[in-house]
Amino acid sequence: MRAHPAGPRHADVITSAGVSSAPPSAQAINALDPMVWPLNAVRGADGELGIGGVDCRAAVREHGSPLFILDEQDVRTRARRFHAAYAQAGASRVYYAAKAFISTAVARWVTQEHLGIDVASGGELAVALRAGVPGERILMHGNNKSMAEIEAAIHAGVSRIVLDSFDDIVRVADAAGRAGVVQPVLVRVTVGVEAHTHEFIATAHEDQKFGLSAASGAADEAVRRIVKLPSLDLVGLHSHIGSQIFDAAGFQVAAARVVELARRLFAEQSVQVAELNLGGGMGIAYTDADDPLDVAEMAGRIGEIVRKECAGAGIPMPALAFEPGRAIIGPAGVTVYEVGTVKPVVLDHGQVRTYVSVDGGMSDNIRTALYDATYTVVLASRVSDAEPILVRVVGKHCESGDVVVRDAWLPGDVVPGDLIAVAATGAYCRAMASNYNLLPRPAVVAVRDGVTSVVLRAETLDDLLALDPG
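FYI, in our numbering the residues of the sequence shown are 1 to 470.
Worth flagging that the hints you see were computed from the coordinates, not collected in a lab.
Glycine included, each C-beta is placed from N, C-alpha and C at the ideal position.
Treat the hints with caution; some may be incorrect.
Claimed, not checked - Derived DEER-like restraints, expressed as beta-carbon distance ranges: (1) N435 to G47: 44 to 54 Å; (2) G217 to G340: 53 to 63 Å; (3) S25 to E297: 28 to 38 Å; (4) S270 to P440: 54 to 64 Å; (5) S453 to V415: 30 to 40 Å.
Put together the whole structure using the sequences plus the hints.
Put into structure tokens, the structure is as follows:
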């Protein structure tokens with residue numbers, strides 16, 4: 001993870017950026033890799049990017065730029081695949097992780113495809129409820145839930161509240177007692193495993209704000225307290241090990257440790273764990289270098305891992321639950337920008353880096369600045385047979401770390417007024433968007449069968465000024 005203070009950041013040397021020195025062919029940079037782009041992304045008759053039967057140029061004319069475009073059929077297809085694959089693996093519920101991106105439309109899509117929704121705040125809960133999602137299909141997370149959020153969740157009848165601390169136990173028990181209900185809960189357990197992309201580390205990861213440690217006995221003590229409280233019903237354990245995970249190795253170590261905790265709880269406290277929620281974190285392809293596992297293959301491997309560990313521990317196989325978010329919404333989303341400035345810069349070693357500035361940036365996609373995230377970008381308003389050039393796509397914000405795509409190849413004739421599109425931005429882009437430099441946040445539109453519908457309208461300057469009482 002790259003961290004830097006607000007202010008200048010020196011340019012990276014091109015040869016150290018991990019970009020091949022040999023440019024791709026013009027044909028290659030116009031292509032749309034089906035592993036990266038939405039299900040219904042195609043090049044139209046004029047070479048324009050079309051998604052769900054909608055020309056991106058027409059969408060921008062109607063809704064402005066920047067613009068988030070969501071392929072509704074892609075979202076629904078992935079939701080169905082996850083539901084079917086994880087049900088086959090033994091899951092009683094797959095919850096869509098609202099933190100990736102939530103709106104009433106998206107909440108309806110995923111619940112219509114038989115998923116629940118995992119919320120992490122009162123705001124996310126309110127959106128799910130406004131969409132008509134029944135409480136029994138909602139799970140609530142949060143390491144610092146306010147009493148108001150807890151009370152709202154209990155009033156809505158959410159199926160699970162994940163307890164993250166001893167303070168959380170007290171608050172939820174109190175709220176449930178005052179409401180006269182018995183609230184089903186899970187205990188979030190840290191198991192000393194951190195997994196991201198191709199790597200996982202199985203030690204020294206207890207130092208985090210989430211959960212209660214299995215190694216230190218904190219999770220055992222949490223269970224001991226919960227079972228004594230009449231307003232709480234302990235239904236299981238929760239473990240989340242990371243994000244953008246491409247294989248099941250991290251889940252194998254985590255499952256072994258959480259199953260050992262379940263065995264210990266049964267042996268020492270006569271508590272049987274009926275449900276094991278293994279969180280989410282399943283990865284997606286941001287570039288052609290990424291190789292996520294097939295959904296059914298990942299589900300099958302995780303299910304088999306838990307079955308094997310339970311058999312070895314001599315305890316019954318619990319029902320499983322999962323919380324994918326990025327893997328469902330991420331690939332379905334594309335951000336379209338208009339190019340404003342194209343600036344070649346000669347570097348000290350004689351090489352040239354071309355900065356392509358767009359009309360958005362870190363206010364609509366903070367992931368590159370926060371995590372050094374990589375993306376795929378193409379010219380969207382046309383195709384070109386011009387020789388490719390190495391570019392850095394940057395935003396319009398007053399911050400040198402305002403980078404959208406750090407290193408990419410675009411046609412050498414890219415000019416102001418062109419539209420470019422960045423793939424796989426459905427997750428953690430609009431959801432993490434800000435009004436930095438007082439830029440209004442872009443619209444989100446859904447496309448399907450040639451029809452565009454507004455998911456979230458674009459903010460206006462009047463919206464921003466309405467918050468200022470002066």
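Structure-based check of each hint:
Distance hint check for N435 and G47: the Cβ-Cβ separation is about 34 Å, which falls outside the suggested range of 44 to 54 Å. At roughly 57 Å, the beta-carbon separation of G217 and G340 lies within the given 53 to 63 Å, and the hint holds. The supplied range of 28 to 38 Å is met by S25 and E297, whose beta-carbon atoms lie about 32 Å from each other. Checked against the hint of 54 to 64 Å, the C-beta distance between S270 and P440 comes to roughly 57 Å, which is consistent with it.
As the Cβ distance of S453 to V415 is approximately 32 Å, the hint placing it in 30 to 40 Å holds.
Violation of the numbered hints given earlier is confined to hint 1; every other hint is satisfied by the structure.
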